[in-house]
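*Asks:* Residue strings, one per chain:
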Amino acid sequence: MPAQGNTEQVEIVVENVTMRFRRAKDEASSLKELLLRKLRGEHRYEMFTALDNISFCVEKGEVVGIIGTNGSGKSTLLKIISGALIPTRGQVFVDRRKVQLLTLGTGFDPELTGRENVYLNGAMIGYTKKYIDEKFEDIVRFAELEGFMEEKVRNYSSGMVSRLGFAIATARDTPEILILDEVLSVGDMFFRKKSEARIREMIHGGSTVLIVSHSTSTIRQNCTKVIWIEKGRLMGSGDPGQICGAYEKLKGG
Amino acid sequence: MRDVQQRRQFAFVVRQLTAREIKRKYARSYLGIVWSVLNPLLSMAVLSLIFSQLFRRSIENYPIYYLTGYILWQTFTGATTAAMTTLADNKMLLLKVKFPMDLFILTRVYTALINLGYSLVAYVLMLAVFQVTPKWTMLFSPVIILCLIVFSLGISYMLATAYVFFGDIKHLYSVVLTLWMYCSAIFYPVEQLQGLIRVVIWNNPLYTYIHCLRKAVMYGALPDAVELLQMVLWAAAVYGLGYGIFRRCRSRILQKI
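Line by line, the protein sequences give chains A and B. Using this note's numbering, the first residue of the first sequence is number 1, and each one after it goes up by one. Using this note's numbering, the first residue of the second sequence is number 254, and each one after it goes up by one.
What the hints contain is simulated information worked out from the structure, not anything from laboratory work. Incorrect hints may have been included.
Claimed, not checked - Calculated cross-link-like contacts (lysine to aspartate or glutamate; reagent style EDC-like; alpha-carbon spacing at most 20 Å):
#1 A:Lys152 / B:Glu274
#2 B:Lys509 / A:Glu176
#3 B:Lys344 / A:Glu248
#4 B:Lys276 / A:Glu111
#5 B:Lys276 / A:Glu116
#6 B:Lys278 / A:Glu176
#7 B:Lys349 / A:Glu182
#8 B:Lys276 / A:Glu150
#9 B:Lys349 / A:Glu176
#10 B:Lys349 / A:Glu248
#11 A:Lys32 / B:Asp421
#12 A:Lys60 / A:Glu33
#13 B:Lys423 / A:Glu33
#14 B:Lys388 / B:Glu274
#15 A:Lys129 / B:Asp477
#16 A:Lys194 / A:Glu146
#17 A:Lys152 / A:Glu111
#18 B:Lys278 / A:Asp95
#19 A:Lys130 / B:Asp256
#20 A:Lys231 / A:Glu248
#21 A:Lys251 / A:Glu182
#22 B:Lys278 / A:Glu116
#23 B:Lys276 / A:Glu33
#24 B:Lys344 / A:Glu111
#25 B:Lys278 / A:Glu33
#26 A:Lys129 / B:Asp421
#27 B:Lys349 / A:Asp109
#28 B:Lys276 / A:Glu151
#29 B:Lys278 / A:Glu111
#30 A:Lys98 / B:Asp256
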């Protein structure tokens, strides 16, 4: 059960979270259809349970990996933690101002230049203009994109885009809670090393990190704890080696 | 303190998003933003060519009469049609960012306001060309524009909410806009109309905005009490209603998207 006593240590508490979507069997996407259905008195939808009674807590400074096959509810869980979705049942206790969600390529506009995208993206994840002005050089240097900033992002390679995204999101001194959605396995070998180093830096700086990944090797290398979700159910949590092993076995068999 | 900071951050986000909208709109054209100035001018030239003879008796200075209506109308349609699809367009972002999704709607309306700013360059230029003498009543224009923007914002909230649930709204709205345009007396004199259509036009808030701006700019008159009340009440009522609907549906919008 989530510890109530030492709240200073516990950073994220997810308590009995259930998320249901009402999914129409075949959607009335037009007004005409909807009216017709209302007239006939048809209500055809089914409940789809994306997350089923999930509970866990994350302590300050922990690096938690979340694994699970595609469509198992990992992204939904992240959206609930970051506050974008409100769960059908259950609660999440977390200071949302501290949370920083990092996903790839979202918020990048291909028609804008690299520089413009840094400002746009930075603004959206909560940096002030002054802060971006200060950090701009660092971001560019870390992303190894010197000389490309006046170029449109349309002309970037996918690796360049993800490097820039990573650099912007981690430019903040130490985001207290960092959520990484499939971002550690990007870029070439060298950049991957560098980004992992930066993540480790943040961990030492006291950040709490949530990592979502398909790659169990990434998880094994970086995490102190693993949470495994399958089809909306919590399959297990605990030691990375053990859980990843069980996960791999299921996938293999 | 925290609130002020947050507001400032939101304003920064809106400015950045607006900059993106504008840059994107003209991303592949040479003249770029100049089109925002050129468009009203060209449209004015075309309409004047065709109609200024026809309406010579009832409208003095037809180009300005038309241009006044046109820029306000464009601001309204530009804001509402763009805002309608904004939640769907920014679907990916919406679930990942931490700021309220109102900002996306505000952005599209603000973009239309910026565009109006550019159109006003053309407008002022034409006022000079057609020798409209400056009048102190012109100072009242910002109030009219403010009312128009608030009104547009209200409609935008409604449309954006509706669009999430029914894509058809988009097509329906374009038909409504055509009808609405003909009922706003943008390019013809309203005096010649009789009966029902005249009543409709007089009670059309957009016509009121256009009419008041014409009065202030061309005829040196302020809106009378009824008109002023009409402008403010329409704006306030539509905004209140639109925002209310949007707020009530907020969580359902997120689920649907």
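*Asks:* With reference to the structure, classify each hint as holding or not holding.
*Replies:* Hints versus structure:
1. A:Lys152 / B:Glu274: holds, 15 Å
2. B:Lys509 / A:Glu176: Not OK: Lys509 (chain B) and Glu176 (chain A) at ~31 Å, beyond 20 Å, violated.
3. B:Lys344 / A:Glu248: violated, 33 Å
4. B:Lys276 / A:Glu111: holds, 8 Å
5. B:Lys276 / A:Glu116: Given pair Lys276 (chain B), Glu116 (chain A) holds - Cα atoms ~10 Å apart, limit 20 Å.
6. B:Lys278 / A:Glu176: Not OK: Lys278 (chain B) and Glu176 (chain A) at ~37 Å, beyond 20 Å, violated.
7. B:Lys349 / A:Glu182: holds, 14 Å
8. B:Lys276 / A:Glu150: holds, 14 Å
9. B:Lys349 / A:Glu176: This hinted pair holds, its Cα atoms lying about 17 Å apart.
10. B:Lys349 / A:Glu248: Violated, at roughly 29 Å.
11. A:Lys32 / B:Asp421: holds, 9 Å
12. A:Lys60 / A:Glu33: violated, 50 Å
13. B:Lys423 / A:Glu33: holds, 15 Å
14. B:Lys388 / B:Glu274: With Cα atoms ~35 Å apart, Lys388 (chain B) and Glu274 (chain B) exceed 20 Å; violated.
15. A:Lys129 / B:Asp477: violated, 44 Å
16. A:Lys194 / A:Glu146: holds, 17 Å
17. A:Lys152 / A:Glu111: Holds. Lys152 (chain A) to Glu111 (chain A) sits at ~6 Å (cutoff 20 Å).
18. B:Lys278 / A:Asp95: violated, 38 Å
19. A:Lys130 / B:Asp256: At roughly 18 Å apart (the allowed maximum being 20 Å), Asp256 (chain B) and Lys130 (chain A) satisfy the hint.
20. A:Lys231 / A:Glu248: Distance of about 16 Å is within 20 Å: holds.
21. A:Lys251 / A:Glu182: holds, 19 Å
22. B:Lys278 / A:Glu116: holds, 15 Å
23. B:Lys276 / A:Glu33: Given that 20 Å is the threshold and the Cα spacing comes to 38 Å, the pair is violated.
24. B:Lys344 / A:Glu111: holds, 18 Å
25. B:Lys278 / A:Glu33: violated, 34 Å
26. A:Lys129 / B:Asp421: Not OK: Lys129 (chain A) and Asp421 (chain B) at ~39 Å, beyond 20 Å, violated.
27. B:Lys349 / A:Asp109: Judged against 20 Å, a Cα distance of about 15 Å means the pair holds.
28. B:Lys276 / A:Glu151: It holds: about 14 Å lies between the C-alpha atoms, which stays within 20 Å.
29. B:Lys278 / A:Glu111: holds, 9 Å
30. A:Lys98 / B:Asp256: Holds - the C-alpha atoms of Asp256 (chain B) and Lys98 (chain A) are around 16 Å apart, at most 20 Å.
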